[in-house]
Amino acid sequence: MERLDRALGEFRQMEELAVSDSPIHRLHPLAKFLTTVLYILIVVSYPKYALRAMPVMALFPILLYQIARIPLSLCFYRLRYILPLVCAVGLFNPFFDRTPAFQVGALTVTGGMISFLTLLCKGVLCLTASFLLVATTRFDALCAALRKLHVPSLLTNLLLLTYRYITVLMEEASAMTTAYHLRAPGQKGIHISAWGSFLGQLLLRSMDRAEDLFRAMQLRGWHGHFHYVDLPSFTARDAAYVCGGAALLALVRLVDIAGLVGSLLVR
Amino acid sequence: MISFDHVSFAYEPDRPVLSDVSFSIGAGEAVGLIGANGAGKSTLLQLILGLLAPTAGQILVGGLPVTKENLREIRRKAGLLMQSSENQLFLPTVREDMAFGPRNYMVSAEETERRIDEVLARLDLAHLKDRYNHKLSGGERRMAAIAVVLCLEPEILLMDEPTITLDPKNRRRVITITQSLTQTRLIASHDLDMILDTCSRVILLADGTVAADGPADEVLRDRALLEAHGLELPLRLQG
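Those protein sequence lines, which keep their order, are chains F and C.
Residues 0 to 266 (numbering that gives the first Met the number 0) are what the first sequence spells out, left to right.
Residues 0 to 238 (numbering that gives the first Met the number 0) are what the second sequence spells out, left to right.
Just so you know, these hints were derived from the structure itself, not from any lab.
Some clues are possibly wrong.
Stated by the list, open to error - In silico lysine to any residue, SDA-like type, Cα no more than 20 Å apart, as pairs:
no., chain 1, residue 1, chain 2, residue 2
1, C, K134, F, M13
2, C, K134, F, K147
3, C, K134, F, S19
4, F, K147, F, R97
5, C, K134, F, L78
6, F, K47, F, G89
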């Protein structure tokens with residue numbers, strides 16, 4: 000019950016976070032979206048053993064989080080359920096790829112270990128960049144930006160409605176869990192025997208509510224098209240952010256900065 | 000403004016909810032719709048807005064028959080205050096919720112903003128404008144829902160249990176707001192004291208038919224009639 004309420008609270012806090020004020024918040028959603036996509040593409044494009052490039056790539060989100068005045072720890076806290084999944088993706092690499100790469104004392108570091116860490120870093124960096132985008136941009140503004148890119152309205156409507164439906168589902172689940180626990184004191188979680196009916200009821204209740212919400216929308220003239228927020232005009236500052244970001248990312252991708260710094264230090 | 004001509008409706012073929020209901024409501028009238036649970040009050044409101052289709056008869060709203068082609072215009076003319084404000088407010092802030100309707104009806108952003116300010120000022124709710132809906136109290140949510148409906152500047156206002164779940168202070172506030180409105184009003188409620196305060200005419204629904212239709216002062220003082228249909232005299236008339 001508490002966990003659901005907390006999750007609902009966190010979900011809503013994200014909306015509040017997205018309307019805060021900072022230079023990053025003030026950027027055009029399209030500029031942020033394009034830069035984030037580019038960043039993710041570049042991170043993903045690194046080969047599987049390019050571990051040393053990851054700290055350099057991490058500088059971007061670290062810097063942007065500072066400018067956006069969002070603590071990086073908040074991102075890791077909010078993504079605490081997803082991060083273990085990211086870790087699990089490359090978990091078997093060390094077992095399959097045992098090619099020795101280098102020696103650290105008695106420990107032989109294998110290619111599998113490096114590829115696992117690289118994959119882990121890639122996942123974390125992509126998540127932090129996506130989180131920053133969502134934490135600094137309202138979801139409807141993001142959908143409006145997608146429409147500007149001619150993403151079909153069917154898809155953006157679906158995204159927006161799904162986003163809204165999550166809170167409905169969570170509210171209903173929270174109310175039902177409260178009702179359950181009030182009549183099952185001392186029980187931790189919901190007993191497995193009640194799962195079927197619980198989920199069935201949850202589906203029916205949330206469908207009922209979703210239908211009511213849909214009616215409320217219909218009664219106010221909704222006919223399948225969202226009038227997304229009026230996006231501000233794309234200014235020179237936004238263009239500079241996209242172009243500057245793209246140039247920097249390209250530079251980092253093409254020039255082995257970590258290698259250069261390393262060789263300088265060794266020299 | 001609203002006319003029911005021999006209207007029937009059933010959710011299941013053999014269990015009619017409304018049978019041969021006829022009445023009409025003139026412009027500017029404030030009419031109370033009363034009846035026991037399951038009498039068909041909410042169903043009747045939904046029929047007016049075309050959320051349900053009658054199985055027989057015809058409904059006219061503002062001179063327009065309630066048909067698929069006219070729904071958009073009818074829903075612009077008539078606003079519904081839903082029983083649950085939680086379901087009525089679905090956007091993050093009050094301002095966004097208020098803007099949703101006008102923007103769907105192609106009202107310009109400037110005009111929408113003017114309407115929002117005007118409605119909020121009229122209801123003394125300016126402080127709620129940028130508040131998050133999920134942070135509003137039950138009473139505030141109710142007021143915000145009224146503001147949302149009024150922002151479309153409807154000619155007809157349909158209210159489904161407007162005072163349900165409200166504390167006395169907020170209930171009084173809703174009554175005061177309702178009294179101050181000039182639109183045609185059809186208010187479905189069990190709160191007969193509120194109906195007495197806000198309506199000049201009352202329609203009593205029972206077993207899917209109109210059991211009484213007359214001045215509020217007469218219908219709501221008829222103890223025998225009310226008790227025969229599962230209701231009681233308004234508290235203030237119980238002596």
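Holds or violated: K147 of chain F to R97 of chain F, with C-alpha atoms at most 20 Å apart: violated, 48 Å
Restraint check for K134 of chain C with M13 of chain F, where alpha carbons must lie at most 20 Å apart: holds, 14 Å
Given hint K147 of chain F paired with K134 of chain C - CA-CA distance at most 20 Å: violated, 32 Å
K47 of chain F paired with G89 of chain F [C-alpha distance capped at 20 Å]: holds, 11 Å
Restraint check for K134 of chain C with S19 of chain F, where alpha carbons must lie at most 20 Å apart: holds, 17 Å
Straight-line alpha-carbon gap K134 of chain C to L78 of chain F, limit 20 Å: At roughly 24 Å apart (the allowed maximum being 20 Å), L78 of chain F and K134 of chain C break the hint.
Checked against the numbered hints given earlier, the structure breaks hints 2, 4, 5 and satisfies all the rest.
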